[in-house]
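Engineer: Input sequences plus hints: build the corresponding full structure.
Those protein sequences? They're chains A and B, same order as listed.
With my numbering applied, the first sequence covers 1 to 262.
With my numbering applied, the second sequence covers 263 to 853.
Bear in mind the hints are in silico, worked out from the structure with no lab data behind them.
All C-beta atoms, glycine included, are put in the ideal place defined by N, C-alpha and C.
Please note that a few of the clues may not be correct.
What the hints assert, rightly or not - Calculated lysine-lysine pairs in the DSS-like style (CA-CA distance at most 30 Å, straight line):
no., chain 1, residue 1, chain 2, residue 2
1, A, LYS240, B, LYS428
2, B, LYS338, B, LYS430
3, A, LYS198, B, LYS655
4, B, LYS646, A, LYS176
5, B, LYS720, B, LYS674
6, B, LYS674, A, LYS176
7, A, LYS198, B, LYS674
8, A, LYS176, B, LYS720
Unchecked claim - Pairwise CB distance ranges (calculated):
no., chain 1, residue 1, chain 2, residue 2, range
9, A, ASP187, B, GLU645, 17 to 23 Å
10, B, ALA590, A, ASP187, 26 to 32 Å
11, A, ASN147, B, SER287, 44 to 50 Å
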Amino acid sequence: MFRDLTLGQYYPVDSPIHRLDPRTKLLLTLIHIIALFSARDFWAFAVSAGFLAVCIGLSKVPVGYMARGLKPILFLLGISVFFNIFWTKGEVLWEIWDIAITKEGLIQAVWMAARLVLLIFGTSLLTYTTSPTELTAGLEQGLHFLNRIKIPVHEIAMMMTIALRFLPILTQETNKIMMAQMARGADFETGGLIRRAKAMVPILVPLFVSAFRRANDLAMAMEARCYHGGSGRTRMKPLKYRRADWIALAVAALYLAAVFII
Amino acid sequence: MQDIIRTEHLVYEYAVRNDEDVVESINRAVDDVSLSIREGDFVAILGRNGSGKSTFAKQLNALLYPTGGTVWLCGKDTSDEENLWTVRSSAGMVFQNPDNQIVASIVEDDVGFGPENLGVPTEEIWRRVENALNAIGMAAYAETSPLRLSGGQKQRVAIAGILAMKPKCLILDEPTAMLDPEGRREVLKAVHELNEAAGITVLLITHYMEETVDADRIVVMQAGRVRMDGTPRGIFSRTDEIHAMGLALPPATELADRLRAAGLALPQGILSEEELVRELIRIRPEKSGLEQEAVGAEAPKTPAGAPSGSVLTLSHVSYEYEPGTPMAATGLDGVSLTIRQGEFLGIIGRTGSGKSTLIQHLNGLLKPSRGTVSWNGEDIFGEKYDRRALRGKVGLVFQYPEHQLFEETVIKDVSFGPRNQGLSEEEIRERARLAMEAVGLSEDYDERSPFDLSGGEKRRAALAGVLAMQPEILVLDEPTAGLDPAGRYRLLETLMKLKDGGIGIVFVSHSMEDIAETADRIVVMHGGRVEMEGAPREIFRRGEELDKIGLAIPAVTRIARHLAAEGCPADPDVLSMDEAVRSILAGWKSE
Numbered sequence: 001m002f003r004d005l006t007l008g009q010y011y012p013v014d015s016p017i018h019r020l021d022p023r024t025k026l027l028l029t030l031i032h033i034i035a036l037f038s039a040r041d042f043w044a045f046a047v048s049a050g051f052l053a054v055c056i057g058l059s060k061v062p063v064g065y066m067a068r069g070l071k072p073i074l075f076l077l078g079i080s081v082f083f084n085i086f087w088t089k090g091e092v093l094w095e096i097w098d099i100a101i102t103k104e105g106l107i108q109a110v111w112m113a114a115r116l117v118l119l120i121f122g123t124s125l126l127t128y129t130t131s132p133t134e135l136t137a138g139l140e141q142g143l144h145f146l147n148r149i150k151i152p153v154h155e156i157a158m159m160m161t162i163a164l165r166f167l168p169i170l171t172q173e174t175n176k177i178m179m180a181q182m183a184r185g186a187d188f189e190t191g192g193l194i195r196r197a198k199a200m201v202p203i204l205v206p207l208f209v210s211a212f213r214r215a216n217d218l219a220m221a222m223e224a225r226c227y228h229g230g231s232g233r234t235r236m237k238p239l240k241y242r243r244a245d246w247i248a249l250a251v252a253a254l255y256l257a258a259v260f261i262i
Numbered sequence: 263m264q265d266i267i268r269t270e271h272l273v274y275e276y277a278v279r280n281d282e283d284v285v286e287s288i289n290r291a292v293d294d295v296s297l298s299i300r301e302g303d304f305v306a307i308l309g310r311n312g313s314g315k316s317t318f319a320k321q322l323n324a325l326l327y328p329t330g331g332t333v334w335l336c337g338k339d340t341s342d343e344e345n346l347w348t349v350r351s352s353a354g355m356v357f358q359n360p361d362n363q364i365v366a367s368i369v370e371d372d373v374g375f376g377p378e379n380l381g382v383p384t385e386e387i388w389r390r391v392e393n394a395l396n397a398i399g400m401a402a403y404a405e406t407s408p409l410r411l412s413g414g415q416k417q418r419v420a421i422a423g424i425l426a427m428k429p430k431c432l433i434l435d436e437p438t439a440m441l442d443p444e445g446r447r448e449v450l451k452a453v454h455e456l457n458e459a460a461g462i463t464v465l466l467i468t469h470y471m472e473e474t475v476d477a478d479r480i481v482v483m484q485a486g487r488v489r490m491d492g493t494p495r496g497i498f499s500r501t502d503e504i505h506a507m508g509l510a511l512p513p514a515t516e517l518a519d520r521l522r523a524a525g526l527a528l529p530q531g532i533l534s535e536e537e538l539v540r541e542l543i544r545i546r547p548e549k550s551g552l553e554q555e556a557v558g559a560e561a562p563k564t565p566a567g568a569p570s571g572s573v574l575t576l577s578h579v580s581y582e583y584e585p586g587t588p589m590a591a592t593g594l595d596g597v598s599l600t601i602r603q604g605e606f607l608g609i610i611g612r613t614g615s616g617k618s619t620l621i622q623h624l625n626g627l628l629k630p631s632r633g634t635v636s637w638n639g640e641d642i643f644g645e646k647y648d649r650r651a652l653r654g655k656v657g658l659v660f661q662y663p664e665h666q667l668f669e670e671t672v673i674k675d676v677s678f679g680p681r682n683q684g685l686s687e688e689e690i691r692e693r694a695r696l697a698m699e700a701v702g703l704s705e706d707y708d709e710r711s712p713f714d715l716s717g718g719e720k721r722r723a724a725l726a727g728v729l730a731m732q733p734e735i736l737v738l739d740e741p742t743a744g745l746d747p748a749g750r751y752r753l754l755e756t757l758m759k760l761k762d763g764g765i766g767i768v769f770v771s772h773s774m775e776d777i778a779e780t781a782d783r784i785v786v787m788h789g790g791r792v793e794m795e796g797a798p799r800e801i802f803r804r805g806e807e808l809d810k811i812g813l814a815i816p817a818v819t820r821i822a823r824h825l826a827a828e829g830c831p832a833d834p835d836v837l838s839m840d841e842a843v844r845s846i847l848a849g850w851k852s853e
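Structural biologist: The following block contains the structure:
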């Protein structure tokens with residue numbers, strides 16, 4: 001039933017963006033975010049949009065497909081535009097009763113909208129072009145230096161890896177337990193909040209029991225395969241910066257510089 | 263050859279604590295085991311659930327440390343911390359649940375996990391992963407997600423993960439318990455190949471006798487001790503002892519044993535069907551011209567179901583998963599079926615044939631994409647139809663039902679169904695008690711926590727939870743999966759009793775043996791369709807067709823078929839062990 005359940009929204013095609021090192025992509029995304037928040041005028045936004053457009057073009061992810069991902073945040077976008085238009089002081093353009101629309105407000109709202117849209121396209125391009133496994137590897141190897149300030153990077157990455165592996169399994173299991181309790185006459189749809197919360201007990205208890213059993217099994221299996229934390233471990237797929245990565249990073253540096261200079 | 267594993271007076275004890283964390287008693291899981299295993303051997307460790315075989319195995323690669331005695335692996339003491347990683351990498355272990363031992367979301371990443379932990383250089387890891395996947399025939403799936411693999415394939419990936427650590431010895435802890443017959447064959451074949459081709463010592467822990475037939479040696483454990491130790495032929499000659507321990511013989515051995523007990527001159531320790539057929543032909547009666555009267559025809563099972571009972575009808579039911587998406591898949595394809603109260607219907611098919619989808623339609627958990635399901639003539643998806651009430655009439659027991667237990671006490675858990683039916687406290691209690699009685703759980707179990715029960719008891723408690731709603735038809739999905747032979751036998755017996763009490767039983771399985779002896783009628787599912795339907799005898803006559811869709815007729819039927827084909831006086835239509843014994847005895851002792 002959930003065999004095809006994937007986490008995140010990885011769009012599996014082969015493209016120059018897909019082939020970039022995940023660390024490069026993480027860095028590019030970071031640069032993109034910084035650039036967006038320092039952009040103040042039209043040209044800066046134009047550079048930013050241009051950079052993103054090239055990336056999306058190279059990535060082979062259909063723009064329409066990406067735009068669909070915008071839907072859930074349209075509401076958020078609406079609110080921020082609304083507040084910016086009506087609550088910014090400045091030169092009044094129109095006035096209806098007591099509500100004034102100012103020139104500054106309008107400009108602010110447009111920039112805010114542009115910023116949000118570019119931000120979301122930019123960050124989702126990362127998840128569209130990088131599989132969760134690569135992303136985890138990228139985070140682990142890219143943030144390795146954090147080890148020095150006692151942040152257990154390897155352990156966090158291992159937790160992510162395991163979560164990625166077991167979330168679909170637990171989703172499946174939740175569905176199964178729900179069906180099983182429904183077969184015993186459980187009702188999850190009617191009643192008030194408290195009743196519904198209570199109705200979750202027959203699902204949550206077995207789910208936790210199962211999660212703990214699985215965790216126990218997995219810990220045993222990992223120990224049997226000589227897992228003992230990150231020290232002394234080698235990698236089957238070590239990340240390596242290639243020429244394309246250096247080019248991408250150089251372009252991104254120019255992009256950032258351009259935004260700052262403008 | 264040298265001993266790869268040696269244990270001396272091995273003991274493992276663990277404390278049983280009560281709610282206040284005070285030690286109540288000390289349990290001895292492994293009790294004075296001294297054993298030596300030669301390098302390159304294929305050793306099967308047999309025993310019922312709870313016989314200590316798993317605990318013993320976990321001590322061999324230092325997942326558990328002995329309470330007393332010593333284990334030497336390749337000459338190294340496992341309790342010496344210095345040896346830990348050498349010990350664990352030279353004795354790799356594969357566990358029961360295929361899902362819970364795969365770490366990564368890509369097959370090759372998972373296989374590389376062990377070598378990564380051992381600090382093997384990158385190129386060498388790739389070489390090992392490739393070799394390991396090749397050795398178990400999973401190279402084509404290197405870049406696949408484990409979510410897309412079958413149980414048997416996942417277990418093979420788990421084995422590859424161990425192989426990549428270059429072990430000398432492979433310990434498999436009930437690796438086939440959660441697999442379908444096909445997956446079981448796959449895994450066993452792979453393990454035997456590794457043993458023969460690569461010379462890896464194999465320790466196979468199982469409660470399936472059939473899996474031990476080809477072993478070099480069998481060790482039988484009971485209550486933490488080694489009870490028998492010898493070659494398969496030797497062990498299988500000691501049939502009485504094996505029965506006394508609650509283990510089942512392979513069908514051919516069992517049949518031979520009973521025929522010998524009745525006076526046929528068969529040798530001891532017959533292991534395979536071919537062997538039994540050969541021996542029977544050797545002692546076949548001289549005059550076999552007389553056609554034997556079919557034993558099965560004596561008492562034909564009438565398709566039961568009193569005309570007054572309830573009827574569940576499916577007509578042209580189709581079901582599609584995630585319609586309109588790229589993931590759309592057909593679950594059912596035009597299934598028409600009638601199920602009556604009082605009959606025992608077996609539904610058989612391979613994993614993915616649509617059996618589980620089918621049964622979720624029987625109580626309205628899934629709504630057909632096309633077609634109708636009706637209960638006593640009423641469409642259950644009609645307007646205002648009370649499907650929750652229907653779920654009390656058509657009880658559904660899912661696979662591994664013990665995983666849905668949640669209450670503090672057994673009786674409370676069993677009461678969950680009746681409580682949802684809105685009955686009075688008195689009635690709830692009465693129904694719960696009756697249901698528990700029906701599955702053989704006495705009042706002593708009422709106040710116990712369901713989580714403290716043994717595996718078989720949990721299964722029965724969960725079954726009682728559905729029975730307590732007093733269904734007219736009871737549907738069970740693989741109810742015997744993971745049970746040992748004694749547990750399985752007990753459950754089948756309970757179901758037969760329930761049927762005699764007037765309940766309709768729908769029994770879903772991928773094992774012909776389970777269904778052959780119990781069902782009045784069999785439905786064979788394949789590719790979401792009803793491929794065959796009929797009385798067991800009719801279905802089993804179509805052995806070749808069954809073979810084509812990956813199902814096998816019961817072993818006793820197969821043996822009788824062989825004999826009949828050789829011109830021996832045996833009824834090719836026997837279904838059960840009893841019938842086979844009667845038929846062969848009648849034929850062989852006719853003069």
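Engineer: Would the pair LYS176/A and LYS720/B pass a check requiring their Cα atoms to be no farther apart than 30 Å?
Structural biologist: Distance of about 18 Å is within 30 Å: holds.
Engineer: Quickly compare the C-alpha distance for LYS674/B and LYS176/A to 30 Å and report which way the hint goes.
Structural biologist: Between LYS674/B and LYS176/A the Cα gap is close to 21 Å, so the pair holds against 30 Å.
Engineer: Checking one constraint from the list: CA of LYS240/A to CA of LYS428/B, max 30 Å. Satisfied?
Structural biologist: Cα-Cα ~28 Å, so holds.
Engineer: Note whether the CB distance of ASN147/A and SER287/B lies within 44 to 50 Å or breaks it.
Structural biologist: Holds, since ASN147/A and SER287/B (Cβ atoms, about 46 Å apart) stay within the stated range.
Engineer: Given the proposed pairing of LYS720/B with LYS674/B, does the C-alpha separation stay at or below 30 Å?
Structural biologist: 14 Å, holds
Engineer: Regarding the pair LYS198/A and LYS674/B, is the alpha-carbon distance no greater than 30 Å?
Structural biologist: 15 Å, holds
Engineer: Run the distance test for LYS338/B versus LYS430/B: straight-line Cα separation, threshold 30 Å.
Structural biologist: Distance of about 13 Å is within 30 Å: holds.
Engineer: Just to be sure I understand the hint, the distance between the Cβ atoms of ALA590/B and ASP187/A should be within 26 to 32 Å; is that true here?
Structural biologist: 30 Å, holds
Engineer: Between the alpha carbons of LYS646/B and LYS176/A, is the straight-line distance 30 Å or under?
Structural biologist: 25 Å, holds
Engineer: For a C-alpha distance cap of 30 Å, please report whether LYS198/A and LYS655/B respect it.
Structural biologist: Roughly 25 Å between the alpha carbons, so the hint for LYS198/A and LYS655/B holds.
Engineer: Between ASP187/A and GLU645/B, is the Cβ distance one that fits in 17 to 23 Å?
Structural biologist: Since ASP187/A and GLU645/B have Cβ atoms about 19 Å apart, the given range 17 to 23 Å holds.
Hint compliance for this structure: no hint is broken.
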